[in-house]
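**Q** Single-letter residue listing:
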Amino acid sequence: MIEVSGLRKRYGQTMALDGMSFTVTPGRVTGFVGPNGAGKSTTMRVILGLDAADGGHALVGGRPYRSLRSPLRHLGALLDAAALHPGRTARHHLLWLAHSQGLGVRRVDEVIELVGLAPVARRRAGGFSLGMRQRLGIAAALLGDPPALMLDEPVNGLDPEGVVWIRGLLRSLAAEGRAVLVSSHLMSELQDTADHLVVVGRGRVVADTGVAELIEAASGGRVRLRTAEPAAAMDALARAGAVVAATGAGTVTVSGLVSERVVAVLGGSGVPFSEVAAHRATLEEAYMELTGDSVEFRAGLRASGSSRSSGSSGSWGDGR
Amino acid sequence: MSAAGFGRALRAEWTKLRSVRAWMAGLAAGALVTVLLGLLSAAGSHTSCGKDGVEVACPAPPVGPEGQAVSDRFYLVHRALRGDGAITVRVTSMTGRIRRPDSTPGVRNEVSGLTPWAKAGVIVKESTRQGSAYAAVMVTAEHGVRMQHDYVHDVAGRPGRVSAGSPRWLRLTRSGDRLTGYESADGRQWSRVGAVELPGLPGTVRIGLFAASPGDVTVTRGDLGGAAVAARFAQATATFDHVGLDGAVAGQSDDWRGDDLGVDLEADGTPHHPGGFTRSGDTFTVTGVGDIGPGTEGRTVESTLSGLPAGLIVLVVVAVVSVTSEYRRGLIRTSLAAVPGRGRLLAAKAAVIGAATFAAGLAAAAVSVVAGTRLLRGNGDVVLPVSTATEARVVVGTAALVAASAVLALALGALLRRGAAAVTAALAVTVLPYLLATASVLPLDAARWLLRLTPAAGFAVEQSVPAYAHVLGHYAPQAGYFPLPPWAGLAVTCGYAALALGLATLRLRRGDA
Numbered sequence: 001m002i003e004v005s006g007l008r009k010r011y012g013q014t015m016a017l018d019g020m021s022f023t024v025t026p027g028r029v030t031g032f033v034g035p036n037g038a039g040k041s042t043t044m045r046v047i048l049g050l051d052a053a054d055g056g057h058a059l060v061g062g063r064p065y066r067s068l069r070s071p072l073r074h075l076g077a078l079l080d081a082a083a084l085h086p087g088r089t090a091r092h093h094l095l096w097l098a099h100s101q102g103l104g105v106r107r108v109d110e111v112i113e114l115v116g117l118a119p120v121a122r123r124r125a126g127g128f129s130l131g132m133r134q135r136l137g138i139a140a141a142l143l144g145d146p147p148a149l150m151l152d153e154p155v156n157g158l159d160p161e162g163v164v165w166i167r168g169l170l171r172s173l174a175a176e177g178r179a180v181l182v183s184s185h186l187m188s189e190l191q192d193t194a195d196h197l198v199v200v201g202r203g204r205v206v207a208d209t210g211v212a213e214l215i216e217a218a219s220g221g222r223v224r225l226r227t228a229e230p231a232a233a234m235d236a237l238a239r240a241g242a243v244v245a246a247t248g249a250g251t252v253t254v255s256g257l258v259s260e261r262v263v264a265v266l267g268g269s270g271v272p273f274s275e276v277a278a279h280r281a282t283l284e285e286a287y288m289e290l291t292g293d294s295v296e297f298r299a300g301l302r303a304s305g306s307s308r309s310s311g312s313s314g315s316w317g318d319g320r
Numbered sequence: 001m002s003a004a005g006f007g008r009a010l011r012a013e014w015t016k017l018r019s020v021r022a023w024m025a026g027l028a029a030g031a032l033v034t035v036l037l038g039l040l041s042a043a044g045s046h047t048s049c050g051k052d053g054v055e056v057a058c059p060a061p062p063v064g065p066e067g068q069a070v071s072d073r074f075y076l077v078h079r080a081l082r083g084d085g086a087i088t089v090r091v092t093s094m095t096g097r098i099r100r101p102d103s104t105p106g107v108r109n110e111v112s113g114l115t116p117w118a119k120a121g122v123i124v125k126e127s128t129r130q131g132s133a134y135a136a137v138m139v140t141a142e143h144g145v146r147m148q149h150d151y152v153h154d155v156a157g158r159p160g161r162v163s164a165g166s167p168r169w170l171r172l173t174r175s176g177d178r179l180t181g182y183e184s185a186d187g188r189q190w191s192r193v194g195a196v197e198l199p200g201l202p203g204t205v206r207i208g209l210f211a212a213s214p215g216d217v218t219v220t221r222g223d224l225g226g227a228a229v230a231a232r233f234a235q236a237t238a239t240f241d242h243v244g245l246d247g248a249v250a251g252q253s254d255d256w257r258g259d260d261l262g263v264d265l266e267a268d269g270t271p272h273h274p275g276g277f278t279r280s281g282d283t284f285t286v287t288g289v290g291d292i293g294p295g296t297e298g299r300t301v302e303s304t305l306s307g308l309p310a311g312l313i314v315l316v317v318v319a320v321v322s323v324t325s326e327y328r329r330g331l332i333r334t335s336l337a338a339v340p341g342r343g344r345l346l347a348a349k350a351a352v353i354g355a356a357t358f359a360a361g362l363a364a365a366a367v368s369v370v371a372g373t374r375l376l377r378g379n380g381d382v383v384l385p386v387s388t389a390t391e392a393r394v395v396v397g398t399a400a401l402v403a404a405s406a407v408l409a410l411a412l413g414a415l416l417r418r419g420a421a422a423v424t425a426a427l428a429v430t431v432l433p434y435l436l437a438t439a440s441v442l443p444l445d446a447a448r449w450l451l452r453l454t455p456a457a458g459f460a461v462e463q464s465v466p467a468y469a470h471v472l473g474h475y476a477p478q479a480g481y482f483p484l485p486p487w488a489g490l491a492v493t494c495g496y497a498a499l500a501l502g503l504a505t506l507r508l509r510r511g512d513a
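Just so you know, the protein sequences line up as chains A and B, in that order.
Start counting the first sequence at 1; every next residue gets the next number (the UniProt record's numbering).
Start counting the second sequence at 1; every next residue gets the next number (the UniProt record's numbering).
Nothing false has been slipped in among the hints.
For the chain B half of the interface with chain A, some residues (derived, Cβ under 10 Å), not all of them:
{"#": "1", "residue": "A4"}
{"#": "2", "residue": "G7"}
{"#": "3", "residue": "R8"}
{"#": "4", "residue": "R11"}
{"#": "5", "residue": "A12"}
{"#": "6", "residue": "A22"}
{"#": "7", "residue": "G341"}
These are computed hints drawn from the structure, not numbers from a lab.
Virtual Cβ for every residue (Gly too), placed ideally from N, Cα, C.
Please take these sequences and the hints and turn them into a complete structure.
**A** So this is what it looks like as structure tokens:
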């Protein structure tokens, strides 16, 4: 279990962490998401005792990381897959880490096998692709067979096969009862992996919620309607008390009425329609809605060409 | 800091070091460069002497009772003493001649005068063999009365020159292995100068008067730096009277024998710069050339370590890069995640690089000294003999110097975190001061201060032959004489290494990684 409580850290004028608090519980994959610069990496460095926080504390299994005698047996971390000496072989990289924890060469060979690096284990890491480096970094994180794992953007640079592999790996690690924290700046990477999300922006937690609840909330009970006569349909539905919006040629989004009522109203008014469906938001949409009030994040949204209006943050606005 | 935790950190750091091929190659290269340059220089050095127009090996210098090369050239007027006894004399004058640089080419320029350590007095000597044990009480030109024994030991008596108006009485007594020296201004009030033991002195010894004068040493500084040292002929003449012998002295009272110990012979068999003595009644006049003291002419064992600065450069680079490469790649964060104790991590790194460079330095120094001195002796060079303990100190001390310099370099790497800057800094405080101080580009005092104050002070551990206060010489760093004693110099280097390591730990503790 990893507990982060009230972390504050300032770099010059920049408030990197501004009361960051969350808990990574065992048995599930917790996604750690937010735009670049939101404080994800800083939080991870503070958890590892690499950076000192100005306030608050971070505990691994109830203890500060720097007080752990064999820290890699408590928390395995992958921060930067490029942090390798190019002249050292993959096996030797893992071997010195193993020695630092009192582990032997057998465990090294096990994790090499586990991440699929056996054929290149005796090759120097300087010649490795980013994907191979990610695998080596994950092997290092797994070395101490820790109850908690923390991976910063582990999907980066992996080929599609590697992406599928790591999703399976993360799920199985969580299924074994480990606490797994995976950061990403891309929501879609976490859609099929994470059970729980900690969404951060500007150094603090914006949302701390289950993935299912988040999507539920973002879907907002809206109904999507396809019709050849959108004007007539909107008129009829508005009279019935719904909030309507044309969202494309022949597409209308309806809020305030469940789909059965929409069908009844349209049928009663004689407006033809081809499809009525409950709208289901993607995690990406839910995330954007959630972080819409973040200035930094709006800039990111505009850059990506999206233009969704911000919704209310609702019951999951601040999960703490 | 638990011992087990430190042991693991050590093991991890050793695995790190040995698993980068370039670093292990660097360690080997550092040792190899040291050995090859040292042996190359030894192989290029040849000495031979001419005898009757034929090149022959030069005679080895005599070796004293304590194993050092010695100079044992003087004029001795002596008799045999069986068992205990004593000799008493009065010295009434001491004069001399010194050859100066020729002012007119080809014309010998000789003037009256004495070199500071010109000496004359009474002596008890094991035998007339060069290098045999002795004890003597003497007057000197500028250092007053002295008692010296076995070449390297010197005790001061009263200062002052001797003259007819201010004569000196000297007495030397033998009692078993114990010899005691006395002096007096008037022959009635005696004061003891010193007492020494000459273990294993035979029952019958030589007892008598002597005179000697070391050459006149001049040091000229070259226009482009450097110093030329020249020693020129000098001789001393002393007048003795009131010569009294106590004890079982063989022969008649006029049975004095003169021996010009260690005199060189010309090609025609005549002595080169002979000494001599005359006797008129009770008055003896003795003239001698040369010195009774430690010998400093020849190569030192540490001269085979001339490749060390070059080798050290390579080892310093390895030490620096072993830590700065972690900063360059962000690997330091992985290291700190594995070993969160900042002090423990740096201590483990320092211990591993220290041990690895110590091993490289030990191998390099041992091979250089052993093979190098063998090469030198094979080439006819005189290598000043030193005790096994001294030779071991030179070799082990050199390895320790290499290790301390490497730890200092590593600490600078951890402080500066950039390879080029740290290598520059490390070389600027270790190898550079040594080269500046010994390449004689600096004034002598500046060179000495460099070797006192900078981490290069540790090079003093190489010095195998000490500077002798009672022998005039050019005791400059350039000639291999350091201002600090061997272990003190090494301690300075170690102190700097410890200081830099402390600062590096502080920086690592205070800041974010």
